[in-house]
Amino acid sequence: MRIARGISVTNTSKPISTAIVYDADAAAYFTANTAITSTADKTAINDFYLGLKNDGIYTKLNAMYLPIWGNSSSCKWNLVNPVDSEAAYRLNFTTGWTYSNGGIQGNGSAYANTFLNNNDLVINDMSFGVYSRSTSGGENELGADFNTGNPLGYTYLNLGDTGGTFGVRINTNGAEFTTNVTNAKAFYIAQRSGSSSQQLFRNTTKYSNTVTQTFKSINTIKLGAWIVNGTPYASTKLCTFYFIGKSFSDTEVNNFYNRITTLMTYFGIQN
Amino acid sequence: MEGRIVTNQQAQDLQGQFIDNDTFLNFVQDINDVYFLFLSEQDEADIANTPYAYLLEIPLSPFVQKPLPPLP
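Protein chains in written order, with numbering that gives the first Met the number 0: chain G, 0 to 270; chain Y, 0 to 71.
Please keep in mind that the hints were generated in silico from the structure rather than gathered at the bench.
Cβ atoms here follow ideal geometry from the backbone N, Cα and C, with glycine treated the same way.
One should not assume that every hint holds.
[Claimed, not checked] Ranges between beta-carbon positions, derived for each pair:
#	chain 1	residue 1	chain 2	residue 2	range
1	G	N208	Y	Y53	49 to 55 angstroms
2	Y	E40	G	F266	19 to 25 angstroms
3	G	A18	Y	S60	55 to 61 angstroms
4	Y	Y53	G	D124	46 to 52 angstroms
[Stated by the list, open to error] Reference excerpt, derived from the structure (chain Y facing chain G, CB under 7 angstroms, subset only):
#	residue
5	M0
6	D21
7	T22
8	L24
9	N25
10	V27
11	F37
12	Q41
13	K65
14	L67
15	P71
When you get a sec, could you build the whole thing from the sequences and use the hints?
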């Protein structure tokens with residue numbers, strides 16, 4: 000290009016980089032879980048991470064799992080700390096699970112060990128939950144093992160029996176908190192937010208009770224079952240997301256529901 | 000629900016053994032304290048080329064779960 004007599008300009012500009020910059024924690028998960036290859040999938044999951052951080056939810060999570068990748072090696076990762084170790088709460092699975100892009104489904108005996116010890120959580124500030132895509136009922140979805148002789152505090156979440164109820168205890172041997180719901184197909188959060196305050200959320204509908212805490216359950220939390228004296232009382236539900244963390248405000252629960260719904264919708268596996 | 004019956008010794012010897020990097024054998028006692036092994040179709044395919052393939056030869060038997068005991 001000639002701009003004036005005796006002067007010319009050479010275009011020396013470099014091509015603009017189009018590399019996508021992901022959230023650092025999302026990027027770590029993508030590095031660990033090599034089943035995720037699609038840029039669109041990564042973008043959706045990255046948005047999930049960013050959304051949880053924006054909503055103040057992420058920092059309350061000890062672990063979350065997205066088991067939608069079709070095999071144990073890809074479903075095992077803790078999205079909060081995707082390191083292949085027990086200390087990072089990476090899952091180990093028993094036999095008996097079926098893995099698909101629609102989630103994982105136990106056979107009524109299977110469970111996954113998070114290696115996250117309930118005893119390491121705060122007795123009156125904890126939560127856990129699951130995104131269930133099944134309507135079958137009367138099964139435990141998460142729980143900290145109980146053995147005779149342990150301190151008398153039970154921690155588990157039971158979803159939907161034939162009457163359409165769900166029940167929970169968190170660090171208590173008080174009465175089980177049960178309530179009637181339509182079915183087990185929803186995003187569930189169970190939490191204890193105080194010494195006499197438990198809540199259950201089915202999607203964004205809140206149920207509360209005042210069962211008092213007694214003792215912390217002292218064993219590791221399992222996904223897919225509650226183990227009592229070595230026997231797993233386990234689920235047959237198809238599930239796509241699990242988490243364990245601290246308790247949430249009502250606003251945080253609503254946001255968490257919206258974020259997980261967006262993610263499930265992207266993957267075509269929403270309820 | 001059906002599973003594969005194993006002896007007490009087999010359950011003791013194999014409990015916790017991994018069939019791949021992330022999946023381990025787990026044995027569950029039924030209402031009569033008989034040990035059962037449960038494998039999904041995917042597990043059966045995965046185990047076929049491992050030293051534990053002989054477990055696939057055990058026929059399936061009906062499993063009756065222990066009822067949840069009274070909790071203190």
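- Which numbered conditions among the earlier hints are violated in the structure presented, ordered from lowest to highest? Result: no hint breaks.
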